[in-house]
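**Q** The residues making up each chain are set out below.
Protein chains: 2
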Amino acid sequence: MNTRVFRNISYGVYIITSLDGGRPTGCTANSVMQVTSSPATIAISINHNNFTNECIKKEKRFAVSILSETTKPSIIGTFGFRSGRDTDKFNGISYVTKHDLPVIEDSCGYIICNVIDKMEAETHTVFLGKVIDGDVFNESRPVMTYAYYHKVIKGRSPKNAPTYLPEEDKEQQVNKSKNVCEICSYVYEGETVPQDFKCPICGHGAEYFKKL
Amino acid sequence: MNTRVFRNISYGVYIITSLDGGRPTGCTANSVMQVTSSPATIAISINHNNFTNECIKKEKRFAVSILSETTKPSIIGTFGFRSGRDTDKFNGISYVTKHDLPVIEDSCGYIICNVIDKMEAETHTVFLGKVIDGDVFNESRPVMTYAYYHKVIKGRSPKNAPTYLPEEDKEQQVNKSKNVCEICSYVYEGETVPQDFKCPICGHGAEYFKKL
Chain A
1 MNTRVFRNIS YGVYIITSLD GGRPTGCTAN SVMQVTSSPA TIAISINHNN
51 FTNECIKKEK RFAVSILSET TKPSIIGTFG FRSGRDTDKF NGISYVTKHD
101 LPVIEDSCGY IICNVIDKME AETHTVFLGK VIDGDVFNES RPVMTYAYYH
151 KVIKGRSPKN APTYLPEEDK EQQVNKSKNV CEICSYVYEG ETVPQDFKCP
201 ICGHGAEYFK KL
Chain B
1 MNTRVFRNIS YGVYIITSLD GGRPTGCTAN SVMQVTSSPA TIAISINHNN
51 FTNECIKKEK RFAVSILSET TKPSIIGTFG FRSGRDTDKF NGISYVTKHD
101 LPVIEDSCGY IICNVIDKME AETHTVFLGK VIDGDVFNES RPVMTYAYYH
151 KVIKGRSPKN APTYLPEEDK EQQVNKSKNV CEICSYVYEG ETVPQDFKCP
201 ICGHGAEYFK KL
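Keeping their order, the protein sequence lines are chains A and B.
Each residue of the first sequence is one higher than the one before, counting from 1 in our numbering.
Each residue of the second sequence is one higher than the one before, counting from 1 in our numbering.
Chain A with its partners taken away, still in its complex shape:
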């Protein structure tokens, strides 16, 4: 099997949110798809180890914020490379509340779902959500595709992502004149990371970068 074929599946980039009791929490995701048109339902895939998985199971609802090419990349890092179990991911993030659920303001729009079914795969849960509301914030903002995140923002997939490929890590090692963020695998293109540099994806400083 040539696992590079999985790179040819197209996605967007989303923040899936729910509640931990009353506290907002969430994670970055790419595996989101519409399942039916009428009534509208969507499916998402969330790793069993993601705190958001537990929260969705308890709350039986979730929100999808659809990211734009112009969304700050640090939002992807905050929600993708830290755990909501021990961090308040919403600290410093502007959000609005829709049907009690947090929605990222710096996005193209949102979809609110009640969980009506789920299917367990080995490492992830597929949640089926019935859409109860949704809106577009700004029709002219370009939607961020997963390809854009990889190619333009130079972002990586967390190990918990359905689309994580260990090959990517190996390929990076071929290039010896680069530095990689140990938290999110963002690649700094250059010999030396400046001391005041902050990773644009996860926000960690130069001390978290190691030479390849």
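Misleading hints may appear alongside valid ones.
Heads up, the list lumps identical chains together, so a pair's fine if it works in one copy or across two of them.
To be verified - SDA-like, lysine to any residue: derived pairs with alpha carbons at most 20 Å apart:
id	residue 1	residue 2
1	K151	N138
2	K154	V143
3	K130	M1
4	K130	E120
5	K98	M1
6	K118	K130
7	K154	R7
8	K98	R4
Derived by calculation from the structure, the hints in this document are not laboratory data.
Following the hints, position chain B against chain A.
**A** Frame of chain A; chain B shown alone:
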């Protein structure tokens, strides 16, 4: 609810294939996503009325052919706007057989799955497939996104698609100087459709076009 938000979910364009006994069959789809990375599984959503749905349920396996921007658009039409119940969709289509399943040659690559679970939604089935094989035919072929299909090829969604929006049909009616294909809703940009014109999506002739 503003259903236009569903247009902000990103997808690719795929041909999902299976077998009707020994006869190859399949349909066009956009709702395909990876669910787990290791072991690799993917989920697809197929309408209950699609003949391919029945065939996958009987065969318990399917193949995903990943379309390219350079794939002939008529392939999308053949598999998206006709039924395999009464048509041999593979007539005139080049395909190769992988693990007994038909794979479209004019594509970027393929993924072969055994069905390991399924979840029924009101009009569609979500099949969970364990990936048993997959390959890329040509790394340099650009993958077709669903946005490209809509914006560049000017393709439409069949009524059976998870992403079908009745609004799209209404919006078309605003423009009075166009002709629309009654089979696949492809819009011919011009007052009169030439007699020898064939719809680039579904292949039907000028007689199937009506003025908006």
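**Q** Determine for every hint whether it applies to the structure shown.
**A** Structure-based check of all given hints:
1. K151 - N138: The answer is between: 19 Å across copies meets 20 Å, while 24 Å in one copy does not.
2. K154 - V143: both (17 Å within a copy, 19 Å between copies)
3. K130 - M1: Between. Shortest inter-copy distance 12 Å satisfies the 20 Å Cα cut-off; intra-copy 35 Å does not.
4. K130 - E120: Both ways: K130 and E120 sit 18 Å apart in one copy and 13 Å across, limit 20 Å.
5. K98 - M1: between (43 Å within a copy, 12 Å between copies)
6. K118 - K130: both (12 Å within a copy, 17 Å between copies)
7. K154 - R7: The answer is within: 14 Å in one copy meets 20 Å, while 25 Å across copies does not.
8. K98 - R4: Result: close only across copies, 17 Å inter versus 38 Å intra.
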